[in-house]
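K.L.:
Construct all of the structure, not just a fragment, from the sequences and the given hints.
Residue numbers (my numbering), protein chains in the order written: chain A, 38 to 355; chain B, 38 to 355.
Hint data in this document are derived by calculation from the structure and do not stem from the laboratory.
Among the clues, some could well be false.
With a straight-line Cα cutoff of 25 Å, these simulated BS3-like cross-link-like pairs (lysine-lysine) come out [as the list claims (entries may be wrong)]:
(1) A:K114 - A:K154
(2) B:K111 - A:K274
(3) A:K256 - B:K274
(4) B:K188 - A:K188
(5) A:K225 - B:K343
(6) A:K289 - B:K111
(7) B:K343 - B:K154
(8) A:K256 - B:K289
Ranges between beta-carbon positions, derived for each pair [stated by the list, open to error]:
(9) B:V349 - A:D294: 50 to 60 Å
(10) A:D290 - B:G208: 31 to 41 Å
(11) B:G208 - A:I206: 49 to 59 Å
(12) A:Q118 - B:K353: 57 to 67 Å
Reference listing, derived: stretches of chain B covered by chain A, where coverage requires no fewer than 3 residues with Cβ under 8 Å from a Cβ of chain A [stated by the list, open to error]:
(13) 180-193
(14) 221-228
(15) 249-263
(16) 289-295
C-beta atoms are modelled at their ideal positions from N, C-alpha and C, and glycine is treated no differently.
Chain by chain, the residues run as shown.
Number of protein chains: 2
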Amino acid sequence: MRIGLDMMGGDYAPAEAVKGVRLFLDNAAPEVHLVLIGDEQALAPLISDARLDQSRYTVVHSSQVIGMNEHPTKALKEKPQSSISIGFHLLQNKKVDAFISAGNTGAMMVGAIYSIKLIPGVQRPTISTILPREDGSNGLLLDVGINADCKPENLVQFAILGSLYSQYIMGTATPRVGLLNIGEEEGKGNLLAQATYPLLKENALLNFIGNVEGRDIFKETVDVIVCEGFTGNVVLKMAESFHDVAVRRNIKDEYMDRFDHEQYGGTPVLGVAEPVIIGHGIARAEAFKNMIRTAQQMIESKLMDKIRESFVEVAKEN
Amino acid sequence: MRIGLDMMGGDYAPAEAVKGVRLFLDNAAPEVHLVLIGDEQALAPLISDARLDQSRYTVVHSSQVIGMNEHPTKALKEKPQSSISIGFHLLQNKKVDAFISAGNTGAMMVGAIYSIKLIPGVQRPTISTILPREDGSNGLLLDVGINADCKPENLVQFAILGSLYSQYIMGTATPRVGLLNIGEEEGKGNLLAQATYPLLKENALLNFIGNVEGRDIFKETVDVIVCEGFTGNVVLKMAESFHDVAVRRNIKDEYMDRFDHEQYGGTPVLGVAEPVIIGHGIARAEAFKNMIRTAQQMIESKLMDKIRESFVEVAKEN
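P.N.:
As structure tokens, this is what we get:
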């Protein structure tokens with residue numbers, strides 16, 4: 038298995054990316070081969086310092102970098118030698134089995150959708166966030182920002198994608214799906230939530246448990262929470278800000294520590310045909326390691342095939 | 038000034054309501070007279086135990102109670118002798134200058150809108166929540182639940198109502214208004230946010246500072262944050278759940294303590310013609326005291342007149 042990693046993306050690249058690779062390789066099975074995409078000259082001394090096992094990686098040189106604030110489509114077009122462009126090119130041509138970058142999020146989305154394409158039947162790809170829970174387990178919330186306006190059918194698809202991710206990557210046997218809403222009973226909420234509820238309820242692929250409210254987001258009673266990307270993004274950033282408060286105020290708590298974005302590193306772009314993971318711009322070594330591990334799990338579990346099979350079912354139902 | 042208080046509303050009424058009255062009267066100016074609406078027989082021993090100064094209050098007997106789960110419109114119609122019905126009747130007939138209840142929220146909303154009416158020009162009333170900030174001050178977020186689907190003009194009106202409340206009740210000289218969004222720049226967000234931004238920007242009554250994100254909600258850089266009631270309600274309940282986590286995990290922190298709903302007690306229904314305050318169902322003594330104090334401030338500051346004047350301006354601009 039070959040995993041491609043953009044070594045130039047993120048605020049602390051390439052140094053932290055190299056450290057992340059080292060952390061990953063220290064504990065990884067030998068069948069995982071990493072394809073490190075970046076500026077050879079910048080990488081060489083860092084790789085040498087990190088004493089990476091040469092049999093475990095290949096460096097693919099990229100002479101350009103897409104900046105964090107560049108226009109995604111324009112940058113991808115004008116910088117074919119950028120690490121992101123090369124990464125998608127390798128993924129498209131099956132030279133790698135997954136591609137990871139903590140660089141320009143927009144460019145990652147555009148590349149994922151246009152060079153990798155969506156799985157047949159998927160209307161829109163989605164990104165998610167891990168929800169730490171007090172019992173040590175994790176829930177999943179999606180969408181968290183790329184689908185600000187949604188139709189009910191979009192939310193149903195997010196629920197299916199999230200359930201499969203929860204099952205095959207997070208190890209939840211039969212993920213309980215909840216609809217983020219502002220009341221418990223069916224019929225509550227805005228027009229979108231009201232229209233989505235019956236669709237989730239009747240969908241045979243889902244274990245739908247009903248509405249969940251803002252107070253339930255971090256509870257163990259629900260595994261996958263769906264909402265449009267506007268509310269999801271506000272929830273994500275608000276949770277991050279609570280962690281920042283805890284750090285700033287020197288609150289020592291094991292559970293609050295788990296809200297550290299560093300631990301999760303990035304989000305898969307669910308719905309595209311190959312494993313693509315977008316990292317947080319502030320990703321450091323631990324985050325890079327975790328993203329590589331997630332990519333490995335996505336490949337090993339054949340998540341893309343599971344999604345493909347489910348969306349064949351979706352097509353049959355419609 | 039006469040403030041009407043529903044003594045039968047809320048999970049811990051009437052005992053906690055009486056305690057709240059006592060707390061309020063201990064420090065209140067003599068010109069505030071409280072009108073306590075409730076079952077005389079239930080109240081008598083509690084009032085006697087609390088040793089309330091008889092010159093400071095009047096009991097108005099109510100023989101019915103609207104339960105927390107009753108259908109609002111139906112209950113108001115079928116229970117004219119309920120404490121909520123009587124409260125609105127007194128307010129409508131200027132026998133009290135404000136009405137407060139921690140009872141059935143729906144009945145309070147219906148009563149406010151249909152028996153008290155909206156201030157001319159206001160399209161929809163709104164409810165808000167206080168946002169504690171680390172420097173000790175408070176921000177305001179609205180709407181937090183009664184307007185799940187909104188048009189851009191509704192959000193502009195919430196901004197005006199919130200600014201006036203922030204200025205006259207919370208003491209913020211020139212409240213900075215932010216639009217809750219999922220990106221910093223104009224043009225970001227869902228269709229509603231995109232359409233609302235230019236309206237807020239051009240409104241002469243507002244000190245609009247642009248978009249704010251989930252991470253900015255508790256920052257000191259913005260005083261009034263507007264959003265539709267779906268996202269606002271999720272934010273409100275999620276913040277409450279973080280406080281619950283802090284309590285459950287025995288996290289001792291002065292700032293986290295300020296997320297205790299008890300401290301604020303309730304929310305005014307902004308946009309209706311008289312001061313109406315709806316309490317949290319779990320309101321206890323401190324919350325009742327704070328709601329009475331807020332009502333007093335709303336009367337003293339002539340907030341309703343300020344809102345009326347602003348909406349005359351709004352009408353002129355349209």
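K.L.:
Against each hint, give a clear statement of whether it holds in the structure.
P.N.:
A quick look at each hint next to the structure:
1. Only pairs whose Cα atoms come within 25 Å are accepted, and K114 (chain A) paired with K154 (chain A) is accepted, the gap being roughly 17 Å.
2. In summary, the hint linking K111 (chain B) to K274 (chain A) is not supported, as the alpha carbons are separated by about 41 Å, beyond the 25 Å threshold.
3. Proximity of K256 (chain A) to K274 (chain B) is assessed by CA-CA distance (about 13 Å); at most 25 Å being required, the pair is judged to hold.
4. Proximity of K188 (chain B) to K188 (chain A) is assessed by CA-CA distance (about 17 Å); at most 25 Å being required, the pair is judged to hold.
5. Between the alpha carbons of K225 (chain A) and K343 (chain B) the distance comes to roughly 34 Å, so the proposed pair goes past 25 Å and is violated.
6. At most 25 Å may separate the alpha-carbon atoms for a hinted pair to count; K289 (chain A) and K111 (chain B) exceed this at roughly 50 Å.
7. With a C-alpha separation of about 17 Å, the suggested pair K343 (chain B) and K154 (chain B) falls inside the 25 Å cut-off, and the hint holds.
8. A distance of roughly 22 Å separates the Cα atoms of K256 (chain A) and K289 (chain B); the hinted pair therefore holds under the 25 Å criterion.
9. About 53 Å separates the C-beta atoms of V349 (chain B) and D294 (chain A), a value consistent with the hinted range of 50 to 60 Å.
10. The hinted window of 31 to 41 Å between D290 (chain A) and G208 (chain B) holds, with their beta carbons roughly 34 Å apart.
11. Remark: the range hint 49 to 59 Å for G208 (chain B) to I206 (chain A) is upheld by a beta-carbon distance near 50 Å.
12. Range check, Q118 (chain A) to K353 (chain B): Cβ separation about 59 Å, and the 57 to 67 Å hint holds.
13. Using a Cβ-Cβ cut-off of 8 Å, 3 residues of the region 180-193 of chain B lie near chain A, which meets the minimum of three, so the contact claim holds.
14. A count of 3 residues in the region 221-228 of chain B with a Cβ less than 8 Å from any Cβ of chain A is obtained; the coverage claim is therefore met, three being the minimum.
15. As drawn, the region 249-263 of chain B meets chain A at 6 residues by the rule of a beta-carbon pair under 8 Å; at three or more, the given contact holds.
16. Under a criterion of three residues with beta carbons nearer than 8 Å to beta carbons of chain A, the stated coverage of the region 289-295 of chain B is upheld, 3 such residues being counted.
Hint compliance for this structure: hints 2, 5 and 6 are broken, all remaining hints hold.
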